[in-house]
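A.B. asks: Taken in order, these protein sequences are the chains called A and B.
Our numbering applies: residue 1 is where the first sequence begins, and numbers increase by one.
Our numbering applies: residue 1 is where the second sequence begins, and numbers increase by one.
Honestly, the hints are just simulated from the structure, not real lab data.
Be a bit skeptical, because a hint or two may be false.
Each computed PhoX-like pair below joins lysine-lysine, with the alpha-carbon atoms no more than 25 Å apart [said to hold, decoys possible]: (1) B/71 to B/148; (2) A/138 to B/139; (3) A/5 to A/187; (4) A/138 to A/61; (5) A/187 to A/137; (6) B/71 to A/121; (7) B/191 to A/72; (8) B/45 to A/121; (9) A/138 to A/121; (10) A/121 to B/10; (11) B/45 to A/72; (12) B/72 to B/42; (13) B/148 to B/72; (14) A/14 to A/137; (15) A/137 to B/139; (16) A/138 to A/14; (17) B/42 to B/10; (18) A/150 to A/187; (19) B/45 to B/72; (20) B/45 to B/71; (21) B/191 to A/61.
Just so we're clear, the structure is a prediction, and the values are computed from it rather than from any experiment.
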Amino acid sequence: MANEKEVIARRVAKELRDGDVVNLGIGLPTMVADYLPEGISIVAQSENGMLGVDAAPEAGKEDPDLCNAGGKYVTAIRGACCFDSAMSFSIIRGGHVDVAVLGALEVDQAGNLASHIVPEKMVPGMGGAMDLAVGAKKIIIATLHTTNGKHKLLKELSLPATALGVVDLVITEKAVIEVTPEGFLLKEIAADTTMDDVVRATGADMRVSPELVYM
Amino acid sequence: MKNKVVSLEKAMECINDGVTLMVGGFLNCGSPIQIIDAIVAKGVKDITLIANDTSTTGIANSKLIASRMVKKAIVSHIGTNPETGRQMLAGELDVQLVPQGTLAERIRAAGAGLGGVLTPAGVGTDVSQGEATMTVEGKEYMLALPLKAEVAIIKGSVVDTFGNIMYNGTTRNFNPLMATAADVVIVEAEKIVEVGELDPSHVVTSGIFVDYIVGGANNGE
């Protein structure tokens, strides 16, 4: 069985269209680039100031002047472009990013996102998350369905919000769930799970799409 | 045109206790690490640091934090430097977290003579609590005020002796913005060239913003 993160990254990759400008968050979202379907190429944006981010360089070929927002060395596609932080966030807030793939601590049924703080425990700072969440045309959350059995998909956030009403789609190892004005809509379910399992792992009501399919 | 290349020691005369200091760079990429090391060596106290982040342990901004020279940090992210979080939670360091795009615009506004900008980032979150908001064409924004500094230290890849700067790759980040928003601007050059050697089309930061140039071929003079 493929590992859970790979399942998520592969499924997110199928949401991307050829030519999309995409911001991939740190961690799991970064993996999405490895699973793009044949014939689909994206323009990856990195908030530290680059469009056209490509894979990590081979060992020994790192360019210290070319990094992503996680501080990791990257390479550039042909036709890439670098810019300052104000331009980078003009691109982000101005609606010029087609899709942002972000991680999450919690998502609720109103599409509210919590991803930047666990008060008094984990205070890393929001970085570019608040700008990305309100600015990108489509927000896909790529996350494990639960953390150590604890619900992440909720009726209402328990953690401080990063942005309100912004999440369009949640993709986990168990399911693909759309956020609609009526709340969560279950659209796809993993072949190795059951409806009961998905319902148990979700801390909010879900409607089930009449076109429900396997992921 | 005036030659602004000076020794690191001369440039350090501008950086003293209580300084409000902008530091360019994004997780060490495009960070003026020689100037930061000189600040650590000088033992400057009570710095208000304005930067994207506090870097990763052992390099760049993290050295200012580790040496306890910073009393207040206005940054977007501290997650890569556990010591910053520790000092903050222990009440030893005042950390103001600002969304990254808002931080960039606040610095840009200060340098561009604007009274602030209206941004949708952070509206409805803790960030907008107590801040002025305004609805424009049906959408809610919050007011982000300009942010200036007494001294900005930035990094340039190729700098001419007047201070015109070209930036390689992703070293640009906050550097050109900070160059416009401080009373004194010191650029650490990777390489220094004569005036006229840079193609004007490649210059991102004009030398009019720069007061002192250190490093490059004159490194260590």
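A.B. asks: Please go over all the hints and tell whether each is borne out by the structure.
C.D. replies: Results of checking the hints against the structure:
{"no.": "1", "hint": "B/71 to B/148", "in the structure": "17 Å, holds"}
{"no.": "2", "hint": "A/138 to B/139", "in the structure": "18 Å, holds"}
{"no.": "3", "hint": "A/5 to A/187", "in the structure": "19 Å, holds"}
{"no.": "4", "hint": "A/138 to A/61", "in the structure": "34 Å, violated"}
{"no.": "5", "hint": "A/187 to A/137", "in the structure": "21 Å, holds"}
{"no.": "6", "hint": "B/71 to A/121", "in the structure": "21 Å, holds"}
{"no.": "7", "hint": "B/191 to A/72", "in the structure": "24 Å, holds"}
{"no.": "8", "hint": "B/45 to A/121", "in the structure": "28 Å, violated"}
{"no.": "9", "hint": "A/138 to A/121", "in the structure": "30 Å, violated"}
{"no.": "10", "hint": "A/121 to B/10", "in the structure": "43 Å, violated"}
{"no.": "11", "hint": "B/45 to A/72", "in the structure": "31 Å, violated"}
{"no.": "12", "hint": "B/72 to B/42", "in the structure": "19 Å, holds"}
{"no.": "13", "hint": "B/148 to B/72", "in the structure": "14 Å, holds"}
{"no.": "14", "hint": "A/14 to A/137", "in the structure": "17 Å, holds"}
{"no.": "15", "hint": "A/137 to B/139", "in the structure": "15 Å, holds"}
{"no.": "16", "hint": "A/138 to A/14", "in the structure": "14 Å, holds"}
{"no.": "17", "hint": "B/42 to B/10", "in the structure": "12 Å, holds"}
{"no.": "18", "hint": "A/150 to A/187", "in the structure": "22 Å, holds"}
{"no.": "19", "hint": "B/45 to B/72", "in the structure": "11 Å, holds"}
{"no.": "20", "hint": "B/45 to B/71", "in the structure": "8 Å, holds"}
{"no.": "21", "hint": "B/191 to A/61", "in the structure": "21 Å, holds"}
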